[in-house]
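S.K.: Spelled out from the first residue to the last, the chains are:
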Amino acid sequence: MKILVPVKRVIDYNVKVRVKSDGSGVDLANVKMSMNPFDEVAIEEAVRLKEAGIASEVVAVSAGVAACQETLRTAMALGADRSILIVTDEELQPLAVAKLLKAVCDKEAPQMVIPGKQAIDDDANQTGQMLAALLGWPQATFASKVVVNADKTGAAVTREIDGGLETIEISLPAVVTTDLRLNEPRYATLPNIMKAKKKPLETTTPEALGVDVKPRLKTLKVAEPAKRAGGVKVADVAALVDKLKNEAKVI
Amino acid sequence: MTILVIAEHDNAVLKPATRNAIAAAARIGGDIDVLVAGAACAAVAEAAARIAGVTRVRLADAAQYADHGAENLAALVVANAAAYSHILAPATAAGKNFLPRVAALLDVAQISDIVEVVSPDTFVRPIYAGNALATVQSADAVKVITVRGTAFEPAGEGAAAPIEALAGAADAGISRLVGRELTVSARPELTAARVIVSGGRALGSNENFHAVLEPLADKLGAAVGASRAAVDAGYAPNDYQVGQTGKIVAPELYIAVGISGAIQHLAGMKESKVIVAINKDPEAPIFQVADYGLVADLFDAVPALLAAID
Numbered sequence: 001m002k003i004l005v006p007v008k009r010v011i012d013y014n015v016k017v018r019v020k021s022d023g024s025g026v027d028l029a030n031v032k033m034s035m036n037p038f039d040e041v042a043i044e045e046a047v048r049l050k051e052a053g054i055a056s057e058v059v060a061v062s063a064g065v066a067a068c069q070e071t072l073r074t075a076m077a078l079g080a081d082r083s084i085l086i087v088t089d090e091e092l093q094p095l096a097v098a099k100l101l102k103a104v105c106d107k108e109a110p111q112m113v114i115p116g117k118q119a120i121d122d123d124a125n126q127t128g129q130m131l132a133a134l135l136g137w138p139q140a141t142f143a144s145k146v147v148v149n150a151d152k153t154g155a156a157v158t159r160e161i162d163g164g165l166e167t168i169e170i171s172l173p174a175v176v177t178t179d180l181r182l183n184e185p186r187y188a189t190l191p192n193i194m195k196a197k198k199k200p201l202e203t204t205t206p207e208a209l210g211v212d213v214k215p216r217l218k219t220l221k222v223a224e225p226a227k228r229a230g231g232v233k234v235a236d237v238a239a240l241v242d243k244l245k246n247e248a249k250v251i
Numbered sequence: 001m002t003i004l005v006i007a008e009h010d011n012a013v014l015k016p017a018t019r020n021a022i023a024a025a026a027r028i029g030g031d032i033d034v035l036v037a038g039a040a041c042a043a044v045a046e047a048a049a050r051i052a053g054v055t056r057v058r059l060a061d062a063a064q065y066a067d068h069g070a071e072n073l074a075a076l077v078v079a080n081a082a083a084y085s086h087i088l089a090p091a092t093a094a095g096k097n098f099l100p101r102v103a104a105l106l107d108v109a110q111i112s113d114i115v116e117v118v119s120p121d122t123f124v125r126p127i128y129a130g131n132a133l134a135t136v137q138s139a140d141a142v143k144v145i146t147v148r149g150t151a152f153e154p155a156g157e158g159a160a161a162p163i164e165a166l167a168g169a170a171d172a173g174i175s176r177l178v179g180r181e182l183t184v185s186a187r188p189e190l191t192a193a194r195v196i197v198s199g200g201r202a203l204g205s206n207e208n209f210h211a212v213l214e215p216l217a218d219k220l221g222a223a224v225g226a227s228r229a230a231v232d233a234g235y236a237p238n239d240y241q242v243g244q245t246g247k248i249v250a251p252e253l254y255i256a257v258g259i260s261g262a263i264q265h266l267a268g269m270k271e272s273k274v275i276v277a278i279n280k281d282p283e284a285p286i287f288q289v290a291d292y293g294l295v296a297d298l299f300d301a302v303p304a305l306l307a308a309i310d
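As you go down the protein sequences, you meet chains A and B in turn. The opening residue of the first sequence carries number 1 in UniProt numbering; numbering runs sequentially from there. The opening residue of the second sequence carries number 1 in UniProt numbering; numbering runs sequentially from there.
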């Protein structure tokens, strides 16, 4: 069983994001970029399925600027067998990415695609569901546990939902998107980072895949949210209760 | 212009987030249809019909919608999409699950988690954990949108709108619910609570988390929330998580206990009206957003707070 894992290069989660003064977006110049944390969980899950003898091959896919190669090398250092990079300088929105991934799935025929549930830059939480729709496959989003059936025709997936957890049984092929509690991703070791440099990385383009990636949404402006003014420190619990009762009037 | 809002419910009770989505629809303007898809869910349709601003309720009552699986629900919405200029759902776990499927099948973009309606084709949505607000314009024929509940006051009660039956689509048969483990609690729902008491890693254990926070929550009639660190450490169930990838809340009072205030946590609670932070570390970032900060050991401060509130 082949597993495809889409990975996204995003601003590192520790970086404090700055909105550009002209309102055109956020400042990405000289900012540390990393793999989207949910995608690290996705790679880890795919690699564990391979280590358990369930998956036969893990293929990482990314779309975007040439520098996304680094993200794919990281994915391979974490255990992906090979990578595909769809190179474009166009701004990629979730629907376009889902179409690119569908084109890759049509060629690669994976039994499972494991995207992260959302990217921490645009926070859209759409791509996995859109891909499942385009392929006509079932989806199991926000997964915290994945158990593939012995005959590999289906999987039981436990999902994090608003009231708690739910477990669904889906037929394969399917799209499973990761939540944080699915696993704890490993760190890439130096020998594995070296090995990853020799693993195959194929490049293609949206044109070669026959996908129109033109953005559907136009960003008119990006602004900083209103800053919340920090308040006061109170001396003790009595002072806190007094403020809550008499100033804020919330208790 | 007619807008379709997809109701969220458990076949018995309409979830309050639906009211916020209807309020967002009212801001866009036009007639508002509400789709109630489920099984034996007539009571939900009746509740939806009484919400102010609703023109009509469409009720698809069939076995294949009982568990609100994304595949069947999306197919139903798509089959009925032609009449609508906008399709809205709450930005809850359920809405986030099925609505992108609808958008992809309609070959349109989805606009996730809107916090403001600028015009019928232009919306504001947070990006980068709420550290930036993007104003986006859609040129698509149908605007498919999830609505951040905290940004829109819930729609109230109004005159009863008509309820019309809607034929179901065929069961896709590719997904089946095995079971649910729902957190049973007499406390208010996190996203609808007036007061939230929220705990972080400093609670130190699952036992402490419950023993320290619950008496205070009970006294205040509050919901209990948690930081990602507390959930990851197993102190609290996943559905307690407040933050960028958990629940977005904006209660009148948010009491953060032993929470340092990571960016991703602030993203989920910084719209709260009054924020209280109790933390031992005077440098904790949570104090930068707290209206009232108390530098203290939570194990002393929370019981003292409980005793001081009568």
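Accuracy of the hints is not assured; some may be wrong.
Chain B is nowhere near these chain A residues, computed Cβ spacing over 12 Å in every case [unchecked claim]:
1) T127
2) F142
3) T205
4) A229
With a Cα cut of at most 20 Å, we get these calculated SDA-like pairs of lysine to any residue [stated by the list, open to error]:
5) A:K102 x B:K280
6) B:K280 x B:A211
7) B:K273 x A:K102
8) A:K245 x B:K280
Restraint-style ranges between C-beta atoms, simulated for each label pair [to be verified]:
9) B:E46 x A:R228: 21 to 29 Å
10) B:G173 x A:T219: 37 to 45 Å
11) B:P215 x A:N149: 30 to 38 Å
12) B:R194 x A:A223: 44 to 52 Å
Just so you know, these hints were derived from the structure itself, not from any lab. Glycine included, C-beta positions come from ideal geometry on N, C-alpha and C.
S.K.: Has the hinted range 37 to 45 Å been met by the Cβ atoms of G173 (chain B) and T219 (chain A)?
M.R.: About 40 Å separates the Cβ atoms of G173 (chain B) and T219 (chain A), which means 37 to 45 Å holds.
S.K.: Taken at face value, is the distance from the CA of K280 (chain B) to the CA of K245 (chain A) at most 20 Å?
M.R.: Not satisfied, since the Cα-Cα distance of roughly 23 Å exceeds 20 Å.
S.K.: Over 12 Å from every CB of chain B: does T127 (chain A) meet that, or does the non-interface label fail?
M.R.: Violated: least Cβ distance 8 Å, not greater than 12 Å.
S.K.: If you draw a straight line from the CA of K273 (chain B) to the CA of K102 (chain A), is it 20 Å or shorter?
M.R.: Status violated; Cα separation ~44 Å.
S.K.: So T205 (chain A) supposedly isn't at the interface. Is its beta-carbon more than 12 Å from every beta-carbon in chain B?
M.R.: At roughly 21 Å from the nearest Cβ of chain B, T205 (chain A) sits farther out than 12 Å, so the non-interface label holds.
S.K.: Evaluate the given range 30 to 38 Å for the C-beta pair formed by P215 (chain B) and N149 (chain A).
M.R.: Since the Cβ atoms of P215 (chain B) and N149 (chain A) sit about 45 Å apart, the hinted range of 30 to 38 Å is violated.
S.K.: Confirm or reject the statement that F142 (chain A) sits farther than 12 Å, beta carbon to beta carbon, from all of chain B.
M.R.: Incorrect as stated: the minimum Cβ-Cβ distance to chain B is 6 Å, not above 12 Å.
S.K.: Against the 20 Å threshold, does the CA-CA distance of K102 (chain A) and K280 (chain B) hold or violate the hint?
M.R.: Violated, because 50 Å separates the two Cα atoms, which is more than 20 Å.
S.K.: Hint says 21 to 29 Å; check whether the CB-CB distance for E46 (chain B) and R228 (chain A) agrees.
M.R.: For E46 (chain B) and R228 (chain A) the Cβ distance comes to about 40 Å; the hint is violated.
S.K.: Is the hinted pair K280 (chain B) and A211 (chain B) satisfied, with a Cα-Cα distance of at most 20 Å?
M.R.: Judged against 20 Å, a Cα distance of about 19 Å means the pair holds.
S.K.: Measuring from beta carbon to beta carbon, are R194 (chain B) and A223 (chain A) in 44 to 52 Å?
M.R.: Since R194 (chain B) and A223 (chain A) have Cβ atoms about 30 Å apart, the given range 44 to 52 Å is violated.
S.K.: Would you say A229 (chain A) is clear of chain B, with no C-beta pair closer than or equal to 12 Å?
M.R.: Since the minimum Cβ distance to chain B is about 9 Å, A229 (chain A) lies within 12 Å and the statement is violated.
In summary, the structure is inconsistent with hints 1, 2, 4, 5, 7, 8, 9, 11 and 12 from the numbered list given earlier, while agreeing with the others.
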